[in-house]
Amino acid sequence: EPEVTQTPSHQVTQMGQEVILRCVPISNHLYFYWYRQILGQKVEFLVSFYNNEISEKSEIFDDQFSVERPDGSNFTLKIRSTKLEDSAMYFCASIEGGGKETQYFGPGTRLLVL
Amino acid sequence: GENVEQHPSTLSVQEGDSAVIKCTYSDSASNYFPWYKQELGKGPQLIIDIRSNVGEKKDQRIAVTLNKTAKHFSLHITETQPEDSAVYFCAADSNYQLIWGAGTKLIIKP
Chain A
787 EPEVTQTPSH QVTQMGQEVI LRCVPISNHL YFYWYRQILG QKVEFLVSFY NNEISEKSEI
847 FDDQFSVERP DGSNFTLKIR STKLEDSAMY FCASIEGGGK ETQYFGPGTR LLVL
Chain B
1202 GENVEQHPST LSVQEGDSAV IKCTYSDSAS NYFPWYKQEL GKGPQLIIDI RSNVGEKKDQ
1262 RIAVTLNKTA KHFSLHITET QPEDSAVYFC AADSNYQLIW GAGTKLIIKP
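Protein chains in written order, with the numbering used here: chain A, 787 to 900; chain B, 1202 to 1311.
Hint data in this document are derived by calculation from the structure and do not stem from the laboratory. Being a predicted model, the structure only gives us computed values, none of them experimental. All clues stand as given, with none of them false.
Which bits of chain A does chain B cover? Going by a derived footprint, with three or more residues having C-beta under 8 Å, they are:
id, stretch
1, 817-831
2, 887-893
In silico DSSO-like links for lysine-lysine, alpha-carbon gap of 30 Å or less:
id, chain 1, residue 1, chain 2, residue 2
3, A, Lys869, A, Lys843
4, B, Lys1306, B, Lys1238
5, B, Lys1310, B, Lys1243
6, A, Lys886, B, Lys1243
7, B, Lys1306, A, Lys886
8, A, Lys828, B, Lys1306
9, B, Lys1243, A, Lys864
10, B, Lys1272, A, Lys886
11, B, Lys1269, B, Lys1259
12, B, Lys1306, B, Lys1243
13, B, Lys1223, A, Lys843
14, B, Lys1258, A, Lys886
15, B, Lys1272, A, Lys828
16, B, Lys1310, A, Lys828
17, A, Lys843, A, Lys886
18, B, Lys1238, B, Lys1223
19, A, Lys843, B, Lys1243
20, B, Lys1243, A, Lys869
21, B, Lys1223, B, Lys1269
22, A, Lys886, B, Lys1259
23, B, Lys1269, B, Lys1238
24, B, Lys1223, B, Lys1258
25, A, Lys843, B, Lys1306
26, A, Lys886, A, Lys828
27, B, Lys1310, B, Lys1223
28, A, Lys864, B, Lys1238
29, B, Lys1238, A, Lys886
30, A, Lys843, B, Lys1238
Just so you know, even glycine gets a beta-carbon here, dropped at the ideal spot from N, CA and C.
If we strip away everything but chain A, and leave its shape as in the complex, we get (with noise of 0.2 Å):
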């Protein structure tokens, strides 16, 4: 079946270090999202993209932030100066669209910034 992968499944990063999270969704999916979710609290939504661009995010999602599309496969998000805070899990999911809403999501990147 097919499914999201993620890579890193850890990372730790100093503060003010810049780190890139890589998804590869599922190959004939449309719509692409980046979930994060700290320790012990919900899962928060950051940010969907579609058709090359962002569609919609949230208010965490602010200009230390970006997403990326590099290729027909891979979908990135980029922290551009970690701050402590932004230690957390971060999740990607994919939807096929075209009426189709489940969300498939990977197995997130633990990332720790110290």
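Starting from the structure of chain A, add chain B where the hints point.
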């Protein structure tokens, strides 16, 4: 915007008993309500979903009910088993964006 409330935050049931988790939502325009199960260290996995034109949906031991008038929906797990232990999240969709509940930690006691 949409707000989703989920109760209880923790639920402990005896193996074999039923478990019910409840969610309410605020945006009457929401029309898609998935439930996700998250095991420790893993991403959320869809277990069942319901659309606003349906009042109830069942898949083996799992069922979801939706009351659009009252804006609440519930997850029912019957004959609970140890492998049902996990955190369960409800969510409501609007414009393809999922707004999540805070999660329910389900503990199945042997």
